[in-house]
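K.L.:
As given, the protein sequences belong to chains A and B, one line each in that order. Here the first sequence is numbered in this note's numbering, starting from -1 and rising by one per residue. Here the second sequence is numbered in this note's numbering, starting from 2 and rising by one per residue.
Worth flagging that the hints you see were computed from the coordinates, not collected in a lab. Treat the hints with caution; some may be incorrect.
[As the list claims (entries may be wrong)] With a straight-line cut-off of 27 Å between C-alpha atoms, the simulated DSS-like cross-links for lysine-lysine are:
#1 K383(A) <-> K77(B)
#2 K76(A) <-> K256(A)
#3 K124(A) <-> K45(B)
#4 K160(B) <-> K341(B)
#5 K230(B) <-> K71(B)
#6 K230(B) <-> K212(B)
#7 K71(B) <-> K381(A)
#8 K137(B) <-> K162(B)
#9 K388(A) <-> K160(B)
#10 K77(A) <-> K134(A)
#11 K162(B) <-> K134(A)
#12 K160(B) <-> K381(A)
#13 K71(B) <-> K384(A)
#14 K77(B) <-> K310(A)
Read off the chains here:
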Amino acid sequence: MGYDRCMEEFDYLGEGEVYLDGACQSLRPRCVIEAVKDYYTKHNSCGERVKYKWGIVTDEKVEETRETVLKYLGFKAKKYTVSFTLNTTYGINLLLSQINPSKFQKIVTSEIEHNSPFLATMAFSKRTGLPREVLKREDDGSIDEGSCDFSGAIVVVNCASNFDGRKLVNLKSLTKTVHKAGGIIIIDAAQAMAHSAEVLSGIEVDAVCFSAHKLYAPSLGVIVWRDELVDYLEPWWLGGGMVDDVQKDSFLLSAEGKEHRYTRFESGLQAWGEIVGLGAALKWLMRVPKSDWKSFEKNYKELYEFLAESPKVHMVNLEANPTMSFYVEGMDSHLLGTALSRENIMARTGYFCAHYYLDHVLGLPPLVRFSLGLHNRESDIEKVKKVMEKIIR
Amino acid sequence: MVCIAAFIILAIIGVFVAFISIFKPKIGKAYLKAMKKAWGCLWKKVRLQKCETGFKDDVKNTLLSRVMLKHPKWVKPLSAIIEIISVVIVIVAVWALLTAIKSLLALWALGSCNVTKPSACSLGAEVCSIDESEPKNFWESTGRWFTEWGEIFEAIPDKFKSYDAANYDFNYITLPGTNSGKAVAVDIFDPGCSVCMISYRNQKDAGFFEKYDTRLVPFAIQDTDNKYKFANSEIIVKYMFAAEQFRSGLAAQIIDKIFTGKNSEGVSYQNKFNDDYSREEAIAKLESWLKDFGVDEDGVAEIRTIAGYPEITDKMTQNRKIIENELRVKGIPTMIFDGKRHTGLWKSNE
């Protein structure tokens, strides 16, 4: 599939419409939309509990999606389980709400986090009384492993920031350090999954939470978790589809066995259509040829360089990334966002749920964020440059 | 400030939208949504919280985004202008709200929505107001605005007070045939006041003076610069006190003549005293009436002499103190009877 073919997947984009908010909701390729449509029109059914043929088709596709997620991440199926939920925030909260605090001494996060881990760790600390530590992130995205005693620590950090895309470059050694100290590490991979999942590849973190809607899939959350984590969990959020047997005052969780371990976080019926869509999105992503990735890289680099060169533009990014944030000197970012929208350029403005770092640590005004995706064409970049030039000249 | 201004504007246009939405419910729904957003932003501001992407941005950005694309350099000055206009709207709206509250309170407590110039309030009773001098500049006006609040709050307890007309140490004149066995009523009036004149006629026709032991308190209204509101009221009041001192009942005849009498051309004597007579002509008219009432030349001369005594001026000053400081009267006629205080025109059905 060539880059033009890739573009065909987004043929519903109107002439001159430039979508630059993939970091929030990526656009869905035709194949994903078709997969969801197929579920609703060809095998709409209750997954994982029925015997009729539509249900069997759904079960196969859901199972296939779980396998594809692990394959995409380079995680081993014998060690990891894939559970579906609503979104990253929900996934992190769901995990933290079931972790037994008596087995840990502290909870740790970092300063550049999205509110998703930042607030969830805050709430965990308040609820359990365990101390919370907020670590500094270096310009390259790494965490100084000597800056914290990770003994018995629950570390919840992102592996790619949602405002400048900087990656947790020392994730591998950090994971080793945390494990060595008897801690666990939960990764917010919401911003890494679409374009930089390799940052996680082969690293045995304890859990990865991400949102399918940021990687060309329908709205859905995913928790990929190491089976050993079950030792630290206390069953709490329970309901349909989670048990093998129920007595008057007791129950037997299906998650006791590897085959249905995913049910540990899947209470009630799931969003089967969305799960099927995620499978299609991942397969599509894995099929995107290198040349398309190169074109994508060329696009975001070109836009980054254009912005970075303008003396009036203050970039938050220190290097090019598909996600880039900035503000224009003397110009209100929300106003700029509204003006761009008038030109059919859709970009996010504000603090992008990273209030603590952007507002209180860096003291920045509200920002504009351009987050590019595989749907962006060369002409999009030209148009954005042209409009921005007109505004900031 | 933009969001506060927006909320105020929306609240004002709300009345019109509420009417329109009877016919077009969609407009009403959209308006309610905007109103809720503006209120949310305002509530945050009130609690000193951030309102980062609230209604303010929607309003301002809608106005400026088009300009940004065509004339980016205009955005900054226009943005500043919007902020200034917003500040002005907020100040004006807050001032208007407080003034409305003040006026309502004044109407209830003082009987007039205009504290400084009670007769200027069309919502109040018909009165001849005891006006204060006009403020000379902005700072005086501002200062007056605040002192008026003080006057209103001082007057509030009076609303709940029971009045006893006999308790006030007025210098007054009595009506002929007054029976001291009746309940006492006090009637404060200015001989030049047309409302006092109509009130007097109403009282007379309705038999008020027969029902009560009425103490007429003549009072020449002065403003804070000591200027008399009606040109000849001062001399009339002086002659009334002097005549009363000379012979009880004489003063009542003078006031009856002023309030009910007309000259040969059919013009009321009150109008003549207010508009036509000079001080000398007024004195001449009063003295000719005294003669008509049976006072001889020597008697008139004595009354003239008494009218010039400082004691007469003292009587007037004492009355003024009670009226303006103790009773805090803002307009006359003011009557005290049956334990209550009544300001403004007295009608026969009262």
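K.L.:
Look at each hint and say if it fits the structure.
P.N.:
Hints, one by one, checked against the model:
With a C-alpha separation of about 22 Å, the suggested pairing of K383(A) with K77(B) holds against the 27 Å cut-off. Between K76(A) and K256(A) the alpha-carbon distance is near 8 Å, which keeps this suggested pair within the 27 Å criterion. The suggested pairing of K124(A) with K45(B) holds, with an alpha-carbon distance near 25 Å, which does not exceed 27 Å. Between K160(B) and K341(B) the alpha-carbon distance is near 9 Å, which keeps this suggested pair within the 27 Å criterion.
Pair hint K230(B) plus K71(B) does not hold up; C-alpha atoms about 63 Å apart against a cutoff of 27 Å. Under the criterion of a C-alpha separation no larger than 27 Å, the hint pairing K230(B) with K212(B) is inconsistent with the structure, at around 31 Å. Between K71(B) and K381(A) the alpha-carbon distance is near 16 Å, which keeps this suggested pair within the 27 Å criterion. Among the hinted pairs, K137(B) with K162(B) is inconsistent with the structure: their alpha-carbon atoms are about 35 Å apart, more than 27 Å.
In summary, the hint linking K388(A) to K160(B) is not supported, as the alpha carbons are separated by about 68 Å, beyond the 27 Å threshold. As the CA atoms of K77(A) and K134(A) are separated by approximately 31 Å, the hinted pair breaks the 27 Å bound. The suggested pairing of K162(B) with K134(A) is violated, with an alpha-carbon distance near 71 Å, which exceeds 27 Å. Of the pairs offered as hints, the one joining K160(B) and K381(A) is violated, with about 73 Å between alpha carbons and a cut-off of 27 Å exceeded.
Distance restraint check for K71(B) and K384(A): the Cα-Cα separation of roughly 13 Å lies within the 27 Å cut-off, and the hinted pair is therefore satisfied. With a CA separation close to 15 Å, the supplied pair K77(B) and K310(A) stays within the 27 Å bound.
Of the numbered hints listed earlier, those contradicted by the structure are 5, 6, 8, 9, 10, 11, 12.
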